[in-house]
Amino acid sequence: MVEPREAPAVPEAHESLDHQRSAMHHHHSHAADSRHGCGHHLLTVEDLSVAFRMYDETAAEAARTEKAGEAEEAPGRRPSAWRRYLGAPQREVEVIHQLNLSVHEGEIVAVVGASGSGKTLLADAVLGLFEPNALVRGRIWFDGEPMDAAALAAERGRGIALMPQSVASLDPLMRVGRQVEGAPRGRRAARRADARRRAERRRELFARYGLDEGVARLFPHELSGGMARRVLLCCALMGNPKLIVADEPTPGLDLDLAVRALADLRAFADGGGGVMLITHDIELALTVADRVAVFRDGTVVEETAVASFADPALLAHPFSRQLWHALPEHDFAVTDTAVERGVPC
Amino acid sequence: MLEARRIAFGYPGAPLLYRDFSLAVSPGERVQLAAPSGAGKTTLARILAGYERPRAGEVLVDGAPLPRRGACPVQLVGQHPEMTVDPRQRMDAVLAEAGATFEEEARLRELLGIQDRWLTRFPHELSGGELQRFCIARALAARPRYLIADEISTMLDAVTQARLWQALLAEADARDLGMVFVSHSPALSARIATRVVDLSGDRCGAPDAIRG
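If you're matching them up, the sequences are chains A and B in order.
So the first sequence is numbered by our numbering: it starts at 58 and just counts up by one.
So the second sequence is numbered by our numbering: it starts at 326 and just counts up by one.
Where hints are given, some of them may not hold.
[To be verified] Simulated restraints on C-beta separations: (1) B:VAL521 to A:ALA320: 21 to 29 angstroms; (2) A:PRO189 to B:ARG393: 32 to 40 angstroms; (3) B:GLU450 to A:PRO241: 54 to 62 angstroms; (4) B:ARG393 to A:MET111: 41 to 49 angstroms; (5) A:VAL316 to B:GLY388: 42 to 50 angstroms; (6) A:ALA208 to B:ALA515: 42 to 50 angstroms; (7) B:ALA339 to A:ARG235: 27 to 35 angstroms; (8) A:TYR142 to B:ALA515: 54 to 62 angstroms; (9) B:GLN414 to A:TYR142: 25 to 33 angstroms; (10) A:THR122 to B:LEU391: 53 to 61 angstroms; (11) A:GLY329 to B:PRO511: 31 to 39 angstroms; (12) A:ALA252 to B:GLU450: 33 to 41 angstroms; (13) B:GLU435 to A:ARG260: 56 to 64 angstroms; (14) A:GLY201 to B:ARG442: 43 to 51 angstroms.
By construction, these hints were calculated from the structure, which means they are not laboratory data.
Every residue gets a Cβ at the ideal spot worked out from N, C-alpha and C, and that includes glycine.
Whole structure, please, built from the sequences with the hints as guidance.
Below, the structure written as C-alpha cells:
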C-alpha cells in the first residue's frame, strides 16, 4: 500500500519547478544530455520509504519475563497461550528511507550500491510490487502523473517494464518465442488478432536485437548467456515501455558480454526511453550510464552525472568519494575507516 | 612451487578443455588466469585445489602430489560463498572447520573485519559480502601455501572489494603466499597480478607477458 506521507506540503511544487533552467533540483544534478520531455521527468521518486512489519523478538522476550513475574503474584491471571500468540508484539523495520531519485528521458541512471542494501526493494516499489507486510510511503510520478499502488501496477509491463536478473525468471518448460509474446487478450477474432500482433512485434524485436527466428523455438536452458540477456530485454520491450528497470543485468557475464548487454540498454535509452540500471558494479555502470545514484544504507546519498566521477572533488558526499578512492583504477584504498565500521556490506 | 604438469581435463561428453597444460606458481607470486567465459578458468582453479582430478598429468606442491587427508596446502575461495558453507551450521562452527588456534582465528576475524555478532548467525542470515569474508578467513586459517581466488569479489561493492583485497594482499605478503586468481575486472587484475596466464590463446600455458 502506498500511503501519501501526510499530504505533501506543496503538491504542485514538482510541476511548478522550472526543470530546464535550475542546475540542481529534486536533489540531483544533470548529465549533459538529460532531457525533460514535456517539461517533467520520466520518473520521479520523492521521500520514498519502505518498512516491513515483523514480530519483535526483544519485546516478546521482555513481555515473557514480565508475564513470568506477574504469574508469581497472581497465578490465575496469566493470559492463555492463544491470546499471547495473537498478541505477539510487532515492530516496523524501515529498510529504505527518504529516497529521492529521478530518471529523465533518453538516459541511463545507474543505482549503485552494495548487495543486500535494499536496491531491489526500490525496483519493486517502482514496479508496484509490494510484499503483504510492506509499508510503502512517499510520492512517485511517472511521466508527469502522480502514481499510487494501483496505477503503478497498471503501468507494469506497459509503461514501466522489468528486465530481470537471469533466465531463471523464464518458464523453463515454455519455448522462448511464446514467452516473449505472452498470452493474447480478448475473445475469438480479437484474440487471434492480438496473437498475430504480438507475434509480429516479437519478430520485429528479435530482428532488431540480432536474434535468429530459430531462437523462438528454443527452451530457456538452450540459450547462451548473451542470447538470454537479449531475450529478457525483448520480453521487457514487448509492451513498448517508456522506462526499463534493469535489476543486476550483468553478473555471471564476462566483460565482453556485459558490455554488449549494456549497449542494448544504451540503444533503448538513445531512442528516448529511460533506464534505471540497478547494479553493484560501479566500474561497469560508469562506462554506460549518464548519471549515477549512489545508494547506501537504504537511501540515495548522491545523484550526480557520470562526469563527476572523473574527479573526487566534484563528488559531494563523503561516501561517493570513498567509493571513488576504492576503485581499482584509482587508489584502490579504503580511505575512511570510520565510515565503513559497523556497516554490513 | 605449485605446479600443474601436463594436465588434461574435460567433462564427460564434452571436448577437452586443456591438453598438456602446464603452470608453475612460486610463493609470493600472484598469477591471473585470463580467458573468455567457458574456457575453463573455474575448472582449472578446482583442479589446482584438488577438487577435480585431471584426466592426465598431475598437480604438485613442492614436488609432492596434493595430500589425500588433512588440510590441503592449496585452498580455493569461490565465487558463490553461499554454496561452500554448511547451511545448518552457525558461522563460528564454519570458521572452526579449518582447525586454527583461537588466537589465529581472532586475528583473521580482525583482519577481515568480521564482527562478533555474525558468529552466532546461520549462513542465510548474512549478506554475500559478509559470508565471503568468512570463506576467506576459513581458507587462510587452514594455513595454505597457495590460495586460489576465483572471482572472489564480483558480488561486492567497490569499497568492500578494496578493503578485502587490501587485507588479503597484506596477509599474502606476510606469509609469502602464492596466489592464482580470476577476475573479470581489468582494472582490478592490473592492480593485483604479477603475471598473466592466458588460457584461451596459448593452451600450452607458457608464462607470458608481465603486467605491473
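Hints, verified against the model:
Look at B:VAL521 against A:ALA320: about 26 angstroms separates their beta carbons, and that is inside 21 to 29 angstroms. Evaluation of the 32 to 40 angstroms hint for A:PRO189 and B:ARG393 yields a failure: the beta carbon distance comes to about 52 angstroms. Hint check: B:GLU450 to A:PRO241, Cβ distance near 44 angstroms, so the stated range 54 to 62 angstroms is violated. At roughly 48 angstroms, the beta carbons of B:ARG393 and A:MET111 sit within the given window of 41 to 49 angstroms.
Roughly 43 angstroms separates the CB atoms of A:VAL316 and B:GLY388, a value that falls within the hinted 42 to 50 angstroms. Between A:ALA208 and B:ALA515 the CB atoms are about 48 angstroms apart, so this pair conforms to the stated range of 42 to 50 angstroms. About 30 angstroms separates the C-beta atoms of B:ALA339 and A:ARG235, a value consistent with the hinted range of 27 to 35 angstroms. In this structure the hint that A:TYR142 and B:ALA515 lie 54 to 62 angstroms apart at CB holds, the actual value being about 59 angstroms.
For B:GLN414 and A:TYR142, the Cβ-Cβ distance of about 30 angstroms falls inside the hinted range of 25 to 33 angstroms, so the restraint holds. Range check, A:THR122 to B:LEU391: about 54 angstroms between beta-carbon atoms, so the 53 to 61 angstroms window is met. Taken as a hint, the range 31 to 39 angstroms holds for the pair A:GLY329 and B:PRO511, whose Cβ atoms sit roughly 32 angstroms apart. In this structure the supplied range 33 to 41 angstroms is violated for A:ALA252 paired with B:GLU450, their Cβ-Cβ distance being about 47 angstroms.
Look at B:GLU435 against A:ARG260: about 60 angstroms separates their beta carbons, and that is inside 56 to 64 angstroms. The beta-carbon spacing between A:GLY201 and B:ARG442, approximately 47 angstroms, falls within the hinted interval of 43 to 51 angstroms.
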